[in-house]
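Sequence lines, in order, name chains A and B.
Going by this note's numbering, the first sequence wraps up at 280, each residue one higher than the last.
Going by this note's numbering, the second sequence wraps up at 319, each residue one higher than the last.
Don't read these hints as lab results, they were simulated from the structure.
Worth double-checking, as some hints may not be accurate.
A few chain A positions that, by computed beta-carbon distances, are all more than 12 Å from chain B [as the list claims (entries may be wrong)]:
#1 M39
#2 L103
#3 V120
#4 N194
#5 G199
#6 P250
#7 G257
If you anchor each label on the Cβ, the simulated ranges turn out as follows [said to hold, decoys possible]:
#8 B:S169 with A:A164: 51 to 59 Å
#9 A:L168 with B:K73: 45 to 53 Å
#10 B:L253 with A:R130: 50 to 58 Å
#11 A:V258 with B:S169: 38 to 46 Å
#12 B:R144 with A:S118: 26 to 34 Å
#13 A:V217 with B:L260: 25 to 33 Å
#14 B:K182 with A:R232: 51 to 59 Å
The beta-carbon is built from N, C-alpha and C at its ideal position, and this holds for glycine as well.
Listed below are the residues making up each chain.
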Amino acid sequence: MNPVVMSLTLRGLLGRRRSVLLVLLPLLLVGLAGLVRWASGADPAQTVPLVDGLGLGTLLPLTCLLIGTGVIGSEIDDGSIVYLLAKPVARRTILLSKLVVAWGAALVFAVLPTVLAVEVAGDEGARLALGVGVTAALAALAYVAIFVALSVVTRNAVILGLLYALLWESVLGGYVPGVRDVSVRQWALAAGERTLGGDAGPWGVTSDVALPAALVLLGVVTVGAVVLGVRRLQTLRLTPAE
Amino acid sequence: MSGVEPIGAPVPPGDPGPAGDVIHDLGFRHYDGPRLGRGWVVRSLLVETVRGVFGLGRPARSKIMPWVLIGILLAPPLVLALSVLLTRSRELPLSYTAYPVAMQLVVTLFVAGAAPYCVSRDLRHGVMPLYLSRPMTRADYVLAKVAGLSLALFAVLASAETLLLVGALLAKLPVGDQLGGWAGGLVTAAVLSVLLAVIGLVVAAVTPRRGLGVAAIITGLVVITGVAQLLTAIASERGYDALASYLPVLDPYRLVDALAVRVLGVGAADGMTYPAGVGGALVLAAILAAVVAGGLALLVRRYRKGGGL
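Make a model of the complete structure from these sequences and hints.
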C-alpha cells in the first residue's frame with residue numbers, strides 16, 4: 039500500500055462528474071425503497087424484488103464498474119498512468135493501493151446504500167439487511183477486482199464489463215440455467231441465503247449454487263483477477279489514444 | 011515566374027485574398043480550387059461520423075466492439091425464423107416493433123460505445139475551435155453528429171428488422187402482413203434511433219472522458235428502465251392505473267413502443283399498458299418531441315465558446 043497513490047486515486051475517483059453518478063445511484067435506490075415501503079407496508083418479501091433485482095442485479099455491478107474503471111481505467115485511457123508507473127513504486131503496490139481505494143469506495147457507494155435500502159423498504163429486525171449486506175459485500179469484492187483487472191487488460195473494459203454484468207448475469211441467466219452457476223451474483227447470493235437460514239425461501243433470497251462451491255469460486259475469481267491485474271500492469275503496453 | 015510571389019513578400023495592396031479573409035499571408039501558394047462550402051463540410055462530418063461508429067477508418071481494435079454488438083443484434087432474427095419453421099407457427103414470436111425493446115440492452119451498449127466516440131474526442135483534444143472556425147456553425151456540427159449517429163443506429167436496427175422479414179418470408183408467413191409489419195418496424199426504428207442518438211450525445215458531450223461517457227450513458231438508460239418498471243408496478247399496486255399507464259414511457263424504448271402501439275396499432279412489447287386513445291398518443295408525441303428538441307438545444311448550448319471543458 040502506498041498512501042500517496044491511494045490519495046491520488048481517491049481524488050481522481052471523486053472527480054466532479056464521476057462523483058455525481060456515484061452519489062445519484064445510491065440516492066435513487068434509497069428513494070425507490072421509500073416508495074416500495076409506501077406501496078407494500080414494509081413487507082420483507084416485497085423488499086427482496088427491489089433489492090435483489092434493481093439493487094444487487096443492476097446498481098451494484100454498475101457502481102462497481104464505475105469505481106473499478108475509475109480508479110485505473112481513465113488514467114490508462116488518457117495516458118497519464120505513465121507518470122505513476124515511472125515512479126520507483128512496485129507495480130504490485132500501485133495496483134493493490136488502487137484496489138483498496140476501490141473496495142472502500144464500493145463499500146460506501148454500493149454496499150451501504152443497499153443495506154440502507156433494505157431498512158427503508160421494510161425488514162424484520164435487521165435480519166434481511168444482514169443477509170443482503172453479506173451478499174452485497176462479497177459481490178462488490180469480486181466485481182471490483184474483476185473490473186479493475188479488466189480495465190488494465192483492455193480499453194473496452196466498460197462495455198465488456200457491462201456485457202458480463204448485465205447481459206450474461208441478468209438476461210442470459212434468465213433463460214439458460216447453466217449460466218447462473220457462473221455468476222458472481224449467484225455465488226454471493228449463496229452466502230446471503232445461508233445467513234438468512236429459514237427465512238431465505240419465503241423471502242425469495244435463493245441461489246442456484248451451493249455455499250462451499252460459491253465461496254471457493256468467489257475466492258478464486260477475486261484472487262485470480264488481482265493477480266491478472268498485477269501481471270498485466272507489470273507488462274502494460276501503452277497504445278496511443280485514437 | 012510572374013505567378014510566384016517571393017517568400018515573405020507583403021500582400022500586394024488591392025488584393026485582399028480570394029475571400030477577403032486573409033489575416034497574414036506567409037506567401038505559400040494559395041488554394042484556388044473550388045470551395046465546397048458549408049453544406050459540404052456538414053456532409054463530410056456526417057459521413058465521417060457514420061463510418062467511425064462502425065470503426066471504418068479506425069484501428070482494428072476500434073472495430074471489435076461495434077461489430078460484436080451488431081453480431082449479437084443480428085443473430086436472434088435467424089433463431090426466430092428457425093423457430094417459426096420448426097413450430098409451424100403462423101406469426102413471428104416477436105413482432106417487428108417489439109424487437110428493439112427485447113434487445114434494448116445490446117442497443118444501449120451500441121449507443122454507449124458510439125456516442126462518446128462521436129463527440130468526446132473533439133472536446134477532449136480541444137479541436138472544437140478548429141471546426142467552428144470553418145464556415146460551419148455550432149448548429150451544423152450538432153446536426154451532423156446527431157444525424158450521423160442516428161443514421162448508423164438506424165442502419166443496424168433496420169438490418170435486424172430486414173433479417174427478421176427475410177426469415178419470416180422464407181418460413182412462408184403471409185407476405186402482406188409481414189411487409190406491413192416490417193414497414194412499421196422501420197418507422198419505429200427510425201424514431202428510436204433519433205431519440206437514442208440525442209440522449210446519448212447529450213450525455214457524451216458533458217463527459218469528455220470516453221470511459222466515463224460510456225458508463226454514464228449505459229447507467230442512465232439501464233437504470234431508467236429498471237426504475238420505470240418498478241414505479242409502474244408500485245403505481246398499479248396502489249390502484250393509480252392512469253399513472254401506471256404513463257410511467258413506462260420514462261424509458262425511451264417504451265416511449266417509442268407506446269407511440270408505435272397508438273399510431274401503428276401494433277401490439278405492445280411484452281404486454282405493457284400504455285396511455286389510451288388519441289389524447290394519449292398526442293401526449294406521447296409531445297413528450298418525444300420535447301425530449302428531442304430539448305436535447306438538441308442542450309447540445310447547441312454545450313458548444314458555445316468552442317465547447318470548453
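Which of the listed hints are broken here?
Numbers 2, 4 and 5 - these are the hints that the structure violates, sorted from lowest upward.
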